[in-house]
Amino acid sequence: MRLQALDVFRGIAIALMILVNNPGSWSYVYPLLNHAEWNGCTPTDLVFPFFLFIVGVAMAFSLLKYTKEYRCVETPIPQAVYWRIAKRCGILFLLGLLLNGFPTYHLAEIRIMGVLQRISVAYFLAAIAIFNLSRKKVWIVSGVILVGYYIVMEFFFVPGYGAGNLTPEGNFAAYMDRLILGQQHLWKGGVYDPEGLFSTFPAVVTVLAGYLTGNWLRKQPIQTYTSLSLCVFGICCFVIGYFWAEIFPLNKSLWTSSFVIVTTGWSLLLLAICYETIEVRGWKKWGFPFKVMGLNALIIFVASGFVGRILNLIKIGNSPEAPTAKTWLYETVFQSILGPMNGSLGFAIVTLLFWWVIAYFMYRQQWFVKV
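Residues 0 to 370 in numbering that gives the first Met the number 0 are what the sequence shown spells out, letter by letter.
Just so you know, the hints here were simulated from the structure itself, not pulled from any lab data. C-beta: ideal position from N, C-alpha, C; glycine also. One thing to keep in mind: the hints can contain errors.
[As the list claims (entries may be wrong)] Result set (PhoX-like, lysine-lysine): computed pairs, CA atoms no more than 25 Å apart in a straight line:
no. : residue 1 : residue 2
1   : Lys135    : Lys64
2   : Lys64     : Lys369
3   : Lys64     : Lys136
4   : Lys187    : Lys314
5   : Lys135    : Lys218
6   : Lys283    : Lys86
7   : Lys314    : Lys218
8   : Lys136    : Lys218
9   : Lys314    : Lys64
10  : Lys283    : Lys187
11  : Lys314    : Lys283
[To be verified] Pair by pair, the computed Cβ-Cβ distance ranges are:
no. : residue 1 : residue 2 : range
12  : Phe305    : Val140    : 34 to 42 Å
13  : Tyr224    : Glu108    : 47 to 55 Å
14  : Gly338    : Ala107    : 40 to 48 Å
15  : Tyr29     : Ala324    : 45 to 53 Å
16  : Gln365    : Lys284    : 18 to 26 Å
17  : Val368    : Ala85     : 13 to 21 Å
18  : Gly147    : Ile221    : 36 to 44 Å
19  : Thr331    : Val368    : 28 to 36 Å
20  : Thr323    : Phe242    : 41 to 49 Å
21  : Lys284    : Val306    : 25 to 33 Å
22  : Val80     : Lys135    : 18 to 26 Å
Full structure from sequences and hints, please.
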């Protein structure tokens, strides 16, 4: 069974990611298209959790025959399956490193973690849990991780900062990342990493939440009742998550437990909309542009990342103050016509349309790149 609604959901996520990652100028970005400065959750902060949730939903279908629920308990999972999972995760991690280091690849200071690296690690750990735990135990493990992460972040001592310090430099996750990875290998060589190693543990729960949703969805009739149930589950997540946020704030960079639950709620609501319109009512035309991108989300993300970096490396002119190709395009074409703010947004929209055309060409040629 393949959920077209999930392909559309994935396409929406990659379209939003390209839109928010490619403004003409980072000095001119509308608030809704920017991350929260620290605590809080903007629409932009939902994009990455959407991806991890989608990964989990897909796992409920792609890994079905290897779960304890499906196979005989006595039947071991072939080692080849573990190797296949490890290989897939290794490729994702390597692609992330290639993006981080481009074009110099200074190993002494390359950023180790990132978006693809977090997906890789979270997918691997979630797969191990799915292979070896019953559905009930997956629920329990997810709860233990979220509560345990809260306890660690609030009550474990950080040298020089004490316990319960949730500032960028003083939180326990950042301390562990500096200790394990080294500060030179964090985001921009700073004091924390928004996709750090330690904060990936609660991100695993985002994947497991998607898996539990997909596992439930797989058994449901294709009816409006199913869509409404997803909405109810989403609202329940809002209630729990926003109450928890009163003592453990929403924070994407720390991937706080409240952030996991609230973003799962938004994922459930968007999935419900896609499911109801596409699977139940058969209204597929609106989702086609997103489906095109969703079927090649990985290659579009990686390619757009490399092209964006190349545009920031090419200089237009020979003087030391010569603008980069991206800056020149933004200032000469978009800013001059639309102004600074709208021109920055216009640059992002044109970038998105460019990659949609690439995705559409690949779709027409039936080229689907998978790891």
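Please flag the earlier hints that this structure goes against, numbers listed from lowest up.
6, 7, 9, 10, 11, 15
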